[in-house]
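Participant: Chain by chain, the residues run as shown.
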Amino acid sequence: SQTIHQWPATLVQPVGSPLSLECTVEGTSNPNLYWYRQAAGRGLQLLFYSVGIGQISSEVPQNLSASRPQDRQFILSSKKLLLSDSGFYLCAWSRGGAGNTIYFGEGSWLTVV
Amino acid sequence: KQEVTQIPAALSVPEGENLVLNCSFTDSAIYNLQWFRQDPGKGLTSLLLIQSSQREQTSGRLNASLDKSSGRSTLYIAASQPGDSATYLCAAYPGGATNKLIFGTGTLLAVQP
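These protein sequence lines are chains V and F, in that order.
Counting from 1, position 106 in the first sequence corresponds to residue 108 in our numbering; the numbering is continuous, with no gaps.
Counting from 1, position 109 in the second sequence corresponds to residue 110 in our numbering; the numbering is continuous, with no gaps.
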């Protein structure tokens, strides 16, 4: 069966510090990978998606970047965090192609202070 | 631009009651629609996926329907239990090469024992 792991679960970082959130998927190959952010009262916002190694698409301009160094590894990064980067970050995967069920990780709570 | 709305934002029912959660979308040209459950502070769990060619999907006490012409989907929960308490989100997939879902802001369900 497939599983998705995301860490760290919670993170408190000062403004201007770097960020690295990591996500890995097991039990499948060549998945589509996603990073979403969930802010209070605003629903889920797609930040990045990837259909393969090194193939990253950004949905919104922001202070964040994503990388996919391996087939089943997806990393969300920032060089300098802003207060507005605080939120709940969710990694997700789906089988390759379109219209497939999306499976989410447990999420990472980021508080920028 | 596709917009997804969920009304009501919150709902409280006594245990054992049957209930319906509503999801509306503005563009009927969707590929599929997914329903998710989110427990407080956790990631999303996929409940049901309805393809555009389908009218409904069932899983246990859950039944989801889709009416593309009216831009509506409903999630029916039979014989509700306190363990059903969570936020329920619907997401429309408009089509394309990747699963770029458009999420509603969710309905917070509380089932009172």
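These are calculated hints, taken from the structure and not from any lab test.
Values in this document were obtained by computation on a predicted structure and should not be read as measured data.
Backbone N, C-alpha and C fix where the C-beta goes; we use that ideal spot for every residue, glycine too.
A few of these clues could be false.
Claimed, not checked - Partner residues aside, some chain F positions facing chain V, computed with beta carbon under 8 Å:
hint: 1; residue: S29
hint: 2; residue: Y32
hint: 3; residue: Y77
hint: 4; residue: F104
hint: 5; residue: G105
Participant: Each hint needs a verdict: does it hold in this structure or not?
Facilitator: Taking the hints in turn, this is what the structure says about them:
no., hint, in the structure
1, S29, "16 Å, violated"
2, Y32, "5 Å, holds"
3, Y77, "20 Å, violated"
4, F104, "4 Å, holds"
5, G105, "7 Å, holds"
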